[in-house]
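S.K.: Please model the entire structure based on the sequences and the hints provided.
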Amino acid sequence: MQSNYFSFPQFDPVIFELGPIGLRWYGLMYLIGFIFARWLAVRRANQANSDWTTEQVDSLLFNGFMGVFLGGRIGYVFFYQFDYFLQDPAYLFRVWEGGMSFHGGLLGVILSMLITAKIQKRGFWQTADFVAPLIPFGLGMGRIGNFINDELWGRVTDVSWAVLFPSGGYLPRHPSQLYEAVLEGLVLFFILNWFIQKPRPIGSVAGLFLFFYGLFRFIVEFFREPDAQLGLYFGQQISMGQILSMPMIIIGAIIVMVAYKSAAKKGETS
2 MQSNYFSFPQ FDPVIFELGP IGLRWYGLMY LIGFIFARWL AVRRANQANS
52 DWTTEQVDSL LFNGFMGVFL GGRIGYVFFY QFDYFLQDPA YLFRVWEGGM
102 SFHGGLLGVI LSMLITAKIQ KRGFWQTADF VAPLIPFGLG MGRIGNFIND
152 ELWGRVTDVS WAVLFPSGGY LPRHPSQLYE AVLEGLVLFF ILNWFIQKPR
202 PIGSVAGLFL FFYGLFRFIV EFFREPDAQL GLYFGQQISM GQILSMPMII
252 IGAIIVMVAY KSAAKKGETS
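Read in order, the letters of the sequence shown are residues 2 to 271 in our numbering.
Calculated from the structure, these hints are not laboratory results. The model shown is predicted, which means the values in this text are computed figures rather than measured ones.
Below 27 Å or equal to it, Euclidean Cα-Cα: the simulated DSSO-like pairs (lysine-lysine) are:
#1 Lys267 x Lys199
#2 Lys262 x Lys199
#3 Lys122 x Lys199
#4 Lys119 x Lys267
#5 Lys266 x Lys122
With beta-carbon atoms standing in for the labels, derived distance ranges:
#6 Gly20 x Ser51: 40 to 50 Å
#7 Gly236 x Gln11: 37 to 47 Å
#8 Lys199 x Pro14: 40 to 50 Å
#9 Asp52 x Met258: 18 to 28 Å
#10 Asn50 x Gly236: 48 to 58 Å
#11 Leu112 x Leu87: 23 to 33 Å
Glycine residues also receive a C-beta, built at the ideal position from the N, C-alpha and C atoms.
M.R.: Next comes the structure, spelled out in structure tokens:
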């Protein structure tokens with residue numbers, strides 16, 4: 002291995018503190034993602050024939066935020082720390098100790114969209130298609146927050162851009178958080194927001210989001226350090242993140258195909 006790797010910048014995870022209240026970089030990244038999502042959602046709601054109001058957008062995003070938070074925490078505990086939870090059930094509620102799962106958060110968002118769509122008397126797929134293009138930017142900001150937090154780093158490597166993370170033992174590792182920020186954040190954002198510029202069948206945007214997120218996450222997991230308490234499965238080849246991403250790829254592809262097939266029968270796109 003070479004010796005000239007990038008040293009991890011010594012970020013203070015806390016931006017400032019006022020008594021018991023403090024602002025952390027990780028929280029700021031998610032706040033920026035939420036503010037951007039609301040700005041983009043309101044902008045689209047104000048377009049002609051959008052069928053959305055600002056009040057409906059705010060209700061949808063608030064419910065979605067709660068779904069992300071509750072689903073992300075419950076998913077992390079059950080997917081990644083279930084044995085620890087059985088020994089100490091109160092761990093589920095100690096959110097300040099960290100631990101969120103995207104896949105759990107996704108399930109929480111789906112449930113929140115089902116509830117919101119019913120309240121607003123709107124179709125689920127119409128709601129899902131509206132929400133999907135708003136998500137990637139926030140995902141990218143969250144991955145940057147992971148990088149700043151010196152967490153969820155990659156596997157040991159000798160590539161020239163490897164980073165020496167303090168919590169990773171100062172071993173040269175893939176900056177997999179940044180890989181995810183680019184793929185799950187930037188690239189996925191442009192794919193979805195390009196796709197919605199043209200006529201498309203209802204449900205196809207949500208399906209495309211599931212497919213590409215699952216695909217990008219599956220790829221990056223080959224460079225990301227597996228969770229220590231879980232390791233790898235299937236002959237030390239596949240991570241839990243990949244196991245959870247495979248259904249997303251399959252289901253997303255099915256949703257897109259069914260959406261186009263159904264639209265072709267009806268001769269309609271939206």
